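For chain H, the structure is supplied; the task is to place chain S on it using the hints.
2 protein chains.
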Amino acid sequence: MKQSKYILDEKRMPTSWYNVLPDLPEPLPPPLHPGTKQPLGPEDLAPLFPMELIKQEMSTERYIEIPEELQDIFKLWRPTTLYRAHRLEKALDTPAKIYYKYEGTSPPGSHKPNTAVAQAYYNKKEGIKRITTETGAGQWGSALSFAGALFGLEIKVYMVKVSFYQKPYRKIMMQTWGGTCIPSPSMETNIGRKMLAEDPDCPGSLGLAISEAVEEAVSRDDTHYSLGSVLNHVLLHQTIIGQEAKVMMEDIGDYPDVIVGCVGGGSNAAGLYLPFLKDKLDGTHPDLRIVNVEPASCPTLTKGLYAYDYGDEAGMTPLLKMFTLGHEFMPPPVHAGGLRYHGMAPIITHLHKLGLVEAVAVHQLGTFEAGLTFARNEGIICAPETDHAVRVTIDEALKSKETGEAKTILCGLSGHGHVDMAAYDAYLSGQLEDYEYPVEKIKASLEHLPLNGK
Amino acid sequence: MKQSKYILDEKRMPTSWYNVLPDLPEPLPPPLHPGTKQPLGPEDLAPLFPMELIKQEMSTERYIEIPEELQDIFKLWRPTTLYRAHRLEKALDTPAKIYYKYEGTSPPGSHKPNTAVAQAYYNKKEGIKRITTETGAGQWGSALSFAGALFGLEIKVYMVKVSFYQKPYRKIMMQTWGGTCIPSPSMETNIGRKMLAEDPDCPGSLGLAISEAVEEAVSRDDTHYSLGSVLNHVLLHQTIIGQEAKVMMEDIGDYPDVIVGCVGGGSNAAGLYLPFLKDKLDGTHPDLRIVNVEPASCPTLTKGLYAYDYGDEAGMTPLLKMFTLGHEFMPPPVHAGGLRYHGMAPIITHLHKLGLVEAVAVHQLGTFEAGLTFARNEGIICAPETDHAVRVTIDEALKSKETGEAKTILCGLSGHGHVDMAAYDAYLSGQLEDYEYPVEKIKASLEHLPLNGK
Chain H
1 MKQSKYILDE KRMPTSWYNV LPDLPEPLPP PLHPGTKQPL GPEDLAPLFP
51 MELIKQEMST ERYIEIPEEL QDIFKLWRPT TLYRAHRLEK ALDTPAKIYY
101 KYEGTSPPGS HKPNTAVAQA YYNKKEGIKR ITTETGAGQW GSALSFAGAL
151 FGLEIKVYMV KVSFYQKPYR KIMMQTWGGT CIPSPSMETN IGRKMLAEDP
201 DCPGSLGLAI SEAVEEAVSR DDTHYSLGSV LNHVLLHQTI IGQEAKVMME
251 DIGDYPDVIV GCVGGGSNAA GLYLPFLKDK LDGTHPDLRI VNVEPASCPT
301 LTKGLYAYDY GDEAGMTPLL KMFTLGHEFM PPPVHAGGLR YHGMAPIITH
351 LHKLGLVEAV AVHQLGTFEA GLTFARNEGI ICAPETDHAV RVTIDEALKS
401 KETGEAKTIL CGLSGHGHVD MAAYDAYLSG QLEDYEYPVE KIKASLEHLP
451 LNGK
Chain S
1 MKQSKYILDE KRMPTSWYNV LPDLPEPLPP PLHPGTKQPL GPEDLAPLFP
51 MELIKQEMST ERYIEIPEEL QDIFKLWRPT TLYRAHRLEK ALDTPAKIYY
101 KYEGTSPPGS HKPNTAVAQA YYNKKEGIKR ITTETGAGQW GSALSFAGAL
151 FGLEIKVYMV KVSFYQKPYR KIMMQTWGGT CIPSPSMETN IGRKMLAEDP
201 DCPGSLGLAI SEAVEEAVSR DDTHYSLGSV LNHVLLHQTI IGQEAKVMME
251 DIGDYPDVIV GCVGGGSNAA GLYLPFLKDK LDGTHPDLRI VNVEPASCPT
301 LTKGLYAYDY GDEAGMTPLL KMFTLGHEFM PPPVHAGGLR YHGMAPIITH
351 LHKLGLVEAV AVHQLGTFEA GLTFARNEGI ICAPETDHAV RVTIDEALKS
401 KETGEAKTIL CGLSGHGHVD MAAYDAYLSG QLEDYEYPVE KIKASLEHLP
451 LNGK
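In the order they appear, the protein sequences are chains H and S. First residue of the first sequence: 1, per the working numbering; consecutive thereafter. First residue of the second sequence: 1, per the working numbering; consecutive thereafter.
With the rest of the complex left out, here is chain H (with noise of 0.2 angstroms):
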């Protein structure tokens, strides 16, 4: 059977990120300040971020260059390779045809040192010191670990407890690379000490371990705060992911009808279908359709509510419209494939909401089967997280085997599994079931959002 693995020359790699915001139809709800609820101004955010990822985060401009100190970083693992499925394709019996991108061949293994290595590099040249942030499954705190030695910054990790003690190997990473990597709740900040003085053995959420992080870097000048998805400058950043993927898909020939990628604040899936969607918006593929992937056990997109919330459990972050849980929400313990953020990306959000892409929630034990189909046909064992994409990918697949059109699928691959293994175990050892997070308890949610959920 013929493999198809498609390169990119790096002489191609895009040049700009792509900016959606000048291409939406309807402008995004702006940011609200947590203190007086008006729309932000970028002096508001100037203690967390620097001005430059400010001004990304607001900008009008369609494609904003990409410095070249950054293209050339992005060289040590981009361009990624781009995979037809032929083996997948053939186990399944199906006429669709599949397309990956895959990201797991970055130093840290996953999509995230995309916007890592750009927040790094920002930070520096405003001469930044520390950037201190937050990480769930500890694919974010790795990749920052991995840029902040690239560029000579210190990084302190805030890693949601239960995962901090279940993945030990993540903390490691962190410290190969000379990041500092602490379980949150900790008792190193005010949010931390009145968490554990509650509950001494809380187990953590990723909200939790945002407040930690912010709180730590409005306290001290010569520290930012960086955060690894939901925002629009981290989507704009993984942008380069689906520019590589158009550029590839045009050399081959081929253009996707449809585009899946798993979400949980949602960068991996919009870096890769946003450049996509903007042939939707123009009109040149108004067909095309785009699936975001969520866990049923942390169903954001599928049953949360609309509303403005906080990005963290504190209420210190701006507030952000956006599909949410509740900015109280903590995972259930049986889940164990990642994606456990309580709100969704205000872009992601928005094109829900304008009707211009779908979501899917699946449940757990279907991901891992799907990861294990993928991994014995093509090879790649995926992360947990990117195993919902994987799902969804071939039941689309099974689809187009019923309806016998041949659809052309684009998946995409956030990254491998190899420091996931634990859930892997536990899915094969029958720990693992399925579990749908309860809609009172997002009903419930409502009374704690600010603005009574509007």
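Calculated lysine-lysine pairs in the DSSO-like style (CA-CA distance at most 30 angstroms, straight line):
#	chain 1	residue 1	chain 2	residue 2
1	H	Lys90	S	Lys11
2	S	Lys5	H	Lys125
3	H	Lys399	S	Lys75
4	S	Lys75	H	Lys5
5	S	Lys129	H	Lys90
6	S	Lys75	H	Lys407
7	S	Lys90	H	Lys11
8	H	Lys75	S	Lys5
9	H	Lys11	S	Lys11
10	S	Lys124	H	Lys90
11	H	Lys75	S	Lys75
12	H	Lys407	S	Lys11
13	S	Lys407	H	Lys11
14	H	Lys90	H	Lys399
15	S	Lys75	H	Lys11
16	S	Lys75	H	Lys90
17	H	Lys5	S	Lys125
18	S	Lys407	H	Lys75
19	S	Lys11	H	Lys75
20	S	Lys55	S	Lys125
21	H	Lys124	S	Lys90
22	S	Lys5	H	Lys11
23	S	Lys5	H	Lys124
24	S	Lys125	H	Lys90
25	S	Lys11	H	Lys5
26	S	Lys75	H	Lys401
27	S	Lys5	H	Lys5
28	H	Lys75	S	Lys401
29	H	Lys125	S	Lys90
Note that these hints are calculated values from the structure, not bench results. Everything numeric in this text was worked out from a predicted model, so none of it was measured.
Using the frame of chain H, we list chain S on its own:
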């Protein structure tokens, strides 16, 4: 700083393996039958290996064609990337040019699938249903499980017991690809039961795990055995690495003064350097230096006996003329860095004996220190085994700085360390110490060698 990454178009991937045997200035001493102690015939190996691999083991053809189906499968991850280590050079302030060929982007994360898929392919063609093997750190067992998944073969892996419990992620990777992995010594073989009766806490060794895998393979008609290093055909399959590197260096217009690789059984290092060694043998590059790097705790090439020895603990395999620490060698438990085989590939042994390649033993603290320097500059976290090659690459670059000579160094980066973070943790938390395998123990092993150590 300019990054330099070199990618070979897959159309230019080597279509044959390079066999060094016909180019050797003296022939290899022949393998001997473990019973008769007479030179082996092909039929003696038939219970273990398919005939095509036996032919390759003994072939005197300089180039052996890679079947088209295999070439296609290689394209799932090959050709692999060649990097110029600009950042590392700058950090070391060396005039040396450092290149590295990185095998860590294969699905199992190392060079091992280069031979695993080839061996699975030939076994499948001969109607074999099952393959047994052994694994130490787990890279080989996972690579063969990956290959088994691609060809629908059942894979059974005997994993050295101490590693089985220290590195649980590797077992889960094998299971994810459908393989079975059990700790060795096990109750499933005579030799395993015997060892456990003598010492229920026996930590196992590669030699012992080989005995178990061989015992099971010879006892079943549908089952063959597979070895991940040492043998001629394994080194042959790995020459795809060096052939790619050679074409790429030619494209760049550079040629190495020194090639550095880490050696356990020796396959990744030899795979990289044999195609270059050809130029040394034919006088094109007579001054090329080749350095094999091994751990001081398993100093086969630098302190081993040059003698016929068994490949396994129980004395079931053919006798190979090699540098050996004795087939009863048990690696010290303090050692975390892999490369723990008692013997050495006969080809490398022979080249070393002829003065065509060098060998150096390094201590583990220095290898992890080098690994950290590499990770913090080049981004990639290498496998602990690979860090041995990185250590000596850095040492050679520092020598270059002292002498002011701008040497060109080519380093074999055999795999990533994402599944080996426990070893990094042991290093970072100060649990490791250096250990030099005592010369007296090596001398004492002489009396257990077959043929009285001839």
